[in-house]
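Enquirer: Protein sequences appear in the order of chains H and G.
Numbering of the first sequence is given in our numbering, commencing with residue 1 and proceeding in unit increments.
Numbering of the second sequence is given in our numbering, commencing with residue 1 and proceeding in unit increments.
Hints listed in this document are in silico derivations from the structure and should not be mistaken for laboratory results.
Heads up, a few of these hints could be off.
Unchecked claim - Derived coverage of chain H by chain G (criterion: at least 3 residues anywhere in the stretch with Cβ under 8 Å from a Cβ of chain G; other residues may be distant):
#	region
1	155-166
2	176-185
Stated by the list, open to error - Residues of chain G clear of chain H, computed beta-carbon distances all greater than 10 Å:
#	residue
3	E50
4	G112
5	E154
6	E163
7	I182
8	R203
9	P211
10	E212
11	T215
12	R232
13	E236
What the hints assert, rightly or not - The calculated label-pair distances, taken between Cβ atoms and stated as ranges, are:
#	chain 1	residue 1	chain 2	residue 2	range
14	H	W19	G	L216	50 to 56 Å
15	G	A197	H	A6	53 to 59 Å
16	G	H120	H	Q62	48 to 54 Å
17	H	R16	G	L216	49 to 55 Å
18	H	H98	G	R232	47 to 53 Å
19	H	I102	G	I155	48 to 54 Å
20	G	D223	H	A13	56 to 62 Å
21	G	E91	H	I113	37 to 43 Å
22	G	G113	H	W19	37 to 43 Å
This structure is a prediction, so every number in the text was calculated from the model and none was measured.
Here a beta-carbon is modelled for each residue, glycine too, at the ideal position from N, C-alpha and C.
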Amino acid sequence: MSDDPAQAIWQAAQARLRWKRRLLPLIGALALLLLWWALVAFFQVKPFIAPAPQVVAITLWQKADILFANLIPTAIEALSGFLIGNAVAIAIATLFVHRKTIEMAFFPIVVLINSIPVVAKAPILVLLLGNGLAPKIAIAAVICFFPTLVNMVRGLEAVSPQALELMHVLSASKWEVFRRLRLPTSIPYLFSALKIAASTAVVGAIVGEWIGSQEGIGALIIQATYNFDSALLYATVITGSVFSVGFFLTIRMLERLCVRWVPGQQS
Amino acid sequence: MSERAAVTALDNVSFELEQGGFLTLLGPSGCGKSTLLRVVADIIAPAQGEVRVLGQSADAARRQRDIGFVFQDATLLPWRTALDNVRLPLEIGGGVRSGRSPEDLLRLVGLGGWEKSFPHELSGGMRQRVSIARALLGDPKILLMDEPFGALDEITRDRLNDELLHIWRETGTTILFVTHSIHEAAYLGQSVMVLAARPGRVREIVKVDLPEPRTLAMRDTADFAALAGRLRRILETC
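Throw the hints in and build the complete structure from the sequences for me.
Expert: See below:
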């Protein structure tokens, strides 16, 4: 391959580009951390207003046990809510696709509710559901439910008219049309909803904990804020974010395992 | 099974399709060519009257897998390999009776060695070949083709026309082929049925007297030009 000098030059350029793509974000992050440190040091920012980055790092290390103990309930709430909310959404999407009357009656309302921001929905649910672990799971579930329902209905209906005609010529039953055509068509749509749901489930659990909770990432955020413990606040936010990103990346990995064809490029 | 299969569709459209024959349907857009195919395949129910295919109702013919359908787009399932797309009819609606294996059919359409490729890895012409193989699974008595090569470039189209004639001779199936290309209609069909628009009705059935087997060189002959000219004149009066 690299006998050709032009080819060798091109390959070297590609290799450099790959390294740039890996290194530049790292350099960018380091530069921002340095700027953060410099700003706090130069303006002598009080520790209860904003901590220096190295203080946050130390807090992350020293209070790892507290942070982890508070991550557990939040993670349980987010994961349970994620599973319940998405399972119910998939079931209702299936019902909608097979019972058009029900879909026509309720789908516009679902789309409307879906457009309300998560942080606006959550307090309403806290009022409705009260305290304890279960209400937080319910909030995370409800928050996951709407984007998945909307996307799943679109996915199940994204079959081409000709593919439906093909199924008809083959005398396929409703179940076969669902199993062999609609469900596989909807999988890429489902995963784009699950990726949204993975982060909103965590947001739902945290917002749920803000109001009347003794433990969890949300409770710790409120506690640290009231105590002007900015280092703990930042460390808590980082802990929650790392979990959220990990959750998102897990779903994306599952997506890459499940969706091996090129979606959208049909026929 | 009778020697001739009678097909009635589009209210007043009635025509005979010789078993093992190749009939092309030619007409301007909006003349109901595609609708006619869909009525025969029992995809659309006629508003009035009755459809008889092979001496039985269109519904019964469809359930017995007497009919294979090739669409304008290949309509392959993108998450299935070429071979799994051809296999689809085996997994649906009680499977098929008999006939060639999916592997055999892929070889017949010239795609031996491409079994494991996904649709997005195939060219438009190759995708349409896969869909022809799928339609042939289970040995249907009639193959309905709805402008299957309409979206392809002319070179690919010519090659696929030749291969379709080869497949037709090889399988002995009856083909009803819709097109809006005069040359394609004349080159492929033993007869060309010209449809008139609004309302869709049979204008004329023209017997094609070209020697068998057809070759692309035949298109340059005076006979072929005369035939194409005659079809064009019929279409102009539609």
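Enquirer: Against this structure, judge whether each hint is valid.
Expert: Hint check:
1. Beta-carbon proximity to chain G at under 8 Å applies to 5 residues in the region 155-166 of chain H; the threshold of 3 is reached and the given coverage holds.
2. Coverage of a stretch by a chain is defined here by at least three residues with a beta carbon nearer than 8 Å to that chain's beta carbons; for the region 176-185 of chain H and chain G the count is 4, and the condition holds.
3. Consistency note on E50 of chain G: stated as away from chain H, and its beta-carbon is indeed over 10 Å from all of that chain's, at 19 Å minimum.
4. No Cβ of chain H approaches the Cβ of G112 of chain G within 10 Å, the least distance being about 22 Å, so the stated non-interface status holds.
5. The claim that E154 of chain G lies off the interface holds: its Cβ sits roughly 20 Å from the closest Cβ of chain H, which is beyond the 10 Å cut-off.
6. With a cut of 10 Å on Cβ distances, E163 of chain G stays outside the contact zone with chain H, its closest approach being about 20 Å.
7. Against chain H, the non-interface label of I182 of chain G holds: every CB pair exceeds 10 Å, the least being about 25 Å.
8. The Cβ of R203 of chain G sits about 27 Å from the closest Cβ of chain H, beyond the 10 Å cut-off, so the non-interface label holds.
9. With a closest Cβ-Cβ approach of about 34 Å to chain H, P211 of chain G is found to remain outside the 10 Å limit, as its non-interface label requires.
10. For E212 of chain G, the non-interface assignment is confirmed: its Cβ lies about 30 Å from the closest Cβ of chain H, beyond the 10 Å cut-off.
11. Every Cβ of chain H is farther than 10 Å from the Cβ of T215 of chain G; the closest lies at roughly 31 Å, confirming the non-interface assignment.
12. Residue-level check passed: R232 of chain G sits 30 Å from the nearest beta carbon of chain H, beyond 10 Å.
13. Under the 10 Å C-beta cut-off, the non-interface status given to E236 of chain G relative to chain H holds; the minimum distance is some 31 Å.
14. Roughly 54 Å separates the CB atoms of W19 of chain H and L216 of chain G, a value that falls within the hinted 50 to 56 Å.
15. About 58 Å separates the C-beta atoms of A197 of chain G and A6 of chain H, a value consistent with the hinted range of 53 to 59 Å.
16. H120 of chain G and Q62 of chain H have their C-beta atoms about 53 Å apart, which keeps the hinted 48 to 54 Å range intact.
17. The hint said 49 to 55 Å for the Cβ distance between R16 of chain H and L216 of chain G, and at roughly 51 Å that hint holds.
18. With their beta carbons about 49 Å apart, H98 of chain H and R232 of chain G fall inside the hinted range of 47 to 53 Å.
19. Checked against the given bound of 48 to 54 Å, the beta carbons of I102 of chain H and I155 of chain G, roughly 51 Å apart, stay inside it.
20. Between D223 of chain G and A13 of chain H the CB atoms are about 60 Å apart, so this pair conforms to the stated range of 56 to 62 Å.
21. E91 of chain G and I113 of chain H have their C-beta atoms about 38 Å apart, which keeps the hinted 37 to 43 Å range intact.
22. For the pair G113 of chain G and W19 of chain H, the supplied restraint of 37 to 43 Å holds, since their beta-carbon distance comes to about 39 Å.
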